[in-house]
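As a plain string of letters, each chain reads:
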Amino acid sequence: MSRTVGLTCIECPTGCALTVVVEEGKALSVEGFGCRRGRDYAIAEIECPVRILTTTVVAEGLSVRMVPVRTSGPIPRERLMDAMAEIRQARAQKQVRVGDVVIADILGLGVDIIATREVL
Amino acid sequence: MDERELVIIGGGPAGMAAALSAREHGVRDVLLLERDRHLGGILNQCVHAGFGLVQFKEALTGPEYASRFIQSVRGTPDIEVRLGCFVADLKPGKVFTCLSHGNVSTIRARALIMATGCRERTREMIQIPGTRPAGVFSAGLAQKMINIEGLMPGREFVVIGSGDIGLIMARRLSLEGAHVKAVVEIQPHPVGLKRNVVQCLDDFAIPLYLSHRVLFIHGKDRVEAVDVAQVDESGSEIADTRFSLACDTVLVSVGLIPENELIEMAGVEVDRHTNEPVSSDLNYTSVHGLFVCGNAYRVYDIVDSVTRDSFLAGLQAADYLAECGGTE
Numbered sequence: 001m002s003r004t005v006g007l008t009c010i011e012c013p014t015g016c017a018l019t020v021v022v023e024e025g026k027a028l029s030v031e032g033f034g035c036r037r038g039r040d041y042a043i044a045e046i047e048c049p050v051r052i053l054t055t056t057v058v059a060e061g062l063s064v065r066m067v068p069v070r071t072s073g074p075i076p077r078e079r080l081m082d083a084m085a086e087i088r089q090a091r092a093q094k095q096v097r098v099g100d101v102v103i104a105d106i107l108g109l110g111v112d113i114i115a116t117r118e119v120l
Numbered sequence: 121m122d123e124r125e126l127v128i129i130g131g132g133p134a135g136m137a138a139a140l141s142a143r144e145h146g147v148r149d150v151l152l153l154e155r156d157r158h159l160g161g162i163l164n165q166c167v168h169a170g171f172g173l174v175q176f177k178e179a180l181t182g183p184e185y186a187s188r189f190i191q192s193v194r195g196t197p198d199i200e201v202r203l204g205c206f207v208a209d210l211k212p213g214k215v216f217t218c219l220s221h222g223n224v225s226t227i228r229a230r231a232l233i234m235a236t237g238c239r240e241r242t243r244e245m246i247q248i249p250g251t252r253p254a255g256v257f258s259a260g261l262a263q264k265m266i267n268i269e270g271l272m273p274g275r276e277f278v279v280i281g282s283g284d285i286g287l288i289m290a291r292r293l294s295l296e297g298a299h300v301k302a303v304v305e306i307q308p309h310p311v312g313l314k315r316n317v318v319q320c321l322d323d324f325a326i327p328l329y330l331s332h333r334v335l336f337i338h339g340k341d342r343v344e345a346v347d348v349a350q351v352d353e354s355g356s357e358i359a360d361t362r363f364s365l366a367c368d369t370v371l372v373s374v375g376l377i378p379e380n381e382l383i384e385m386a387g388v389e390v391d392r393h394t395n396e397p398v399s400s401d402l403n404y405t406s407v408h409g410l411f412v413c414g415n416a417y418r419v420y421d422i423v424d425s426v427t428r429d430s431f432l433a434g435l436q437a438a439d440y441l442a443e444c445g446g447t448e
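Heads up: the sequence lines are chains A and B, in that order. Its first residue numbered 1, the first sequence is counted upward by one per residue in the working numbering. Its first residue numbered 121, the second sequence is counted upward by one per residue in the working numbering.
In case anyone wonders, no lab produced these hints; they're calculated from the structure. Keep in mind that this is a model prediction, so the values were computed, not measured. A virtual CB, placed ideally from N, CA and C, is assigned to each residue, including glycine. Accuracy of the hints is not assured; some may be wrong.
[Stated by the list, open to error] In silico lysine-lysine, DSS-like type, Cα no more than 30 Å apart, as pairs: (1) A:Lys26 x B:Lys314; (2) B:Lys177 x B:Lys314; (3) B:Lys264 x B:Lys340; (4) A:Lys94 x B:Lys264; (5) B:Lys177 x B:Lys214; (6) B:Lys177 x B:Lys264.
[Stated by the list, open to error] Facing chain B, according to a computed beta carbon distance under 10 Å, are these residues of chain A, among others: (7) Ile10; (8) Gly15; (9) Arg51; (10) Arg65; (11) Pro68; (12) Val69.
[Said to hold, decoys possible] Away from chain A, derived, C-beta distances all over 12 Å, residues of chain B: (13) Cys166; (14) Arg241; (15) Ala254; (16) Glu389; (17) His408.
Turn these sequences into a full structure, and let the hints guide you.
Quick look at the structure:
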């Protein structure tokens with residue numbers, strides 16, 4: 001039995017309304033997307049929703065209190081809070097440039113936590 | 121008194137774009153003043169992603185977007201940057217006083233670009249009755265506390281206003297372990313982007329109350345609860361819809377206003393209602409050679425548009441200086 005699911009694309013500010021036909025957890029077809037990223041988003045959202053996580057890491061001995069960070073790629077939405085728990089324990093003690101790894105391979109997901117600001 | 125060719129006040133995205141563009145269009149002497157210790161302005165506290173889709177065809181975080189311009193400014197020796205420099209007044213003739221590291225100095229600029237950004241509307245401006253307890257913050261202030269200072273402003277939140285800043289803060293608070301009990305929006309539709317309703321509220325099961333308003337804030341020393349009710353099209357409370365939400369913190373996210381007090385001091389015409397400069401054409405003001413760009417000109421939806429229009433301001437200032445031969 002297939003069912004139809006309505007989604008709002010989150011890839012860009014346009015927010016296309018997507019219609020996905022789903023069967024047994026798989027996306028059979030997608031309509032309403034304005035670009036390829038919308039189609040990919042719809043499939044991922046049905047089969048395994050993922051998000052880029054952005055947050056901050058406490059700095060120690062650096063010129064600012066907090067180092068802004070992001071995941072180097074998307075991670076499963078259901079692991080966001082697990083990732084936050086690990087990031088909360090971390091301390092950034094070394095100077096970083098944009099893109100430098102602050103936590104490698106978080107939760108074994110194959111994704112790094114990287115700095116989004118140069119902090120000296 | 122120091123005499124400079126072009127002075128830009130504000131080192132956020134607008135000021136940096138204006139400085140780079142003015143230099144590119146032949147202005148030799150560019151002085152960029154920033155009151156904070158870093159360039160980047162509000163982008164530094166906007167740690168979420170979604171910036172730069174137009175300018176760079178990438179979804180960057182605020183600090184990443186800022187850093188691209190900071191690198192360019194640093195790589196342009198003819199742009200002099202002064203950090204920790206606060207402009208205290210502005211007089212007719214483009215003369216102003218700045219306070220910097222305990223020193224007071226006066227500068228006269230041949231051309232001036234104001235890139236002073238905007239500030240948040242407050243609880244007082246939307247007139248929410250109640251007591252005056254601690255725990256009522258503007259959303260951007262809470263964002264600065266969390267993302268820059270590493271401080272949590274509370275534990276149980278109600279967010280007033282569903283603009284993008286309110287939605288993004290609802291997610292940020294949830295990620296940091298706080299409980300966001302509701303986002304309350306007086307309009308019948310969300311004010312912010314649909315994508316932010318999905319990824320900021322739905323992802324964290326945060327209720328969005330549309331056509332609702334906060335009627336009262338309770339609490340003696342600290343916020344204890346808010347009263348919420350459904351409203352009709354005219355904004356009036358609908359009978360028997362009132363309920364109470366216990367919380368210790370209220371975030372107010374109800375819009376932004378251009379910050380233009382400096383140009384007002386210098387006699388530049390400012391619209392009393394919008395706080396925007398009265399303007400015949402993009403970035404122009406009622407004073408020749410005094411430009412306003414970015415959120416100080418009008419509040420923009422996305423930073424990419426600020427960058428685009430502020431590049432233009434740099435060109436406009438360069439043209440002005442070329443026309444009057446660098447003299448008044």
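Structure-inconsistent hints, enumerated in ascending order: Violated hints (numbers, rising): 5, 13; every other hint is consistent with the structure.
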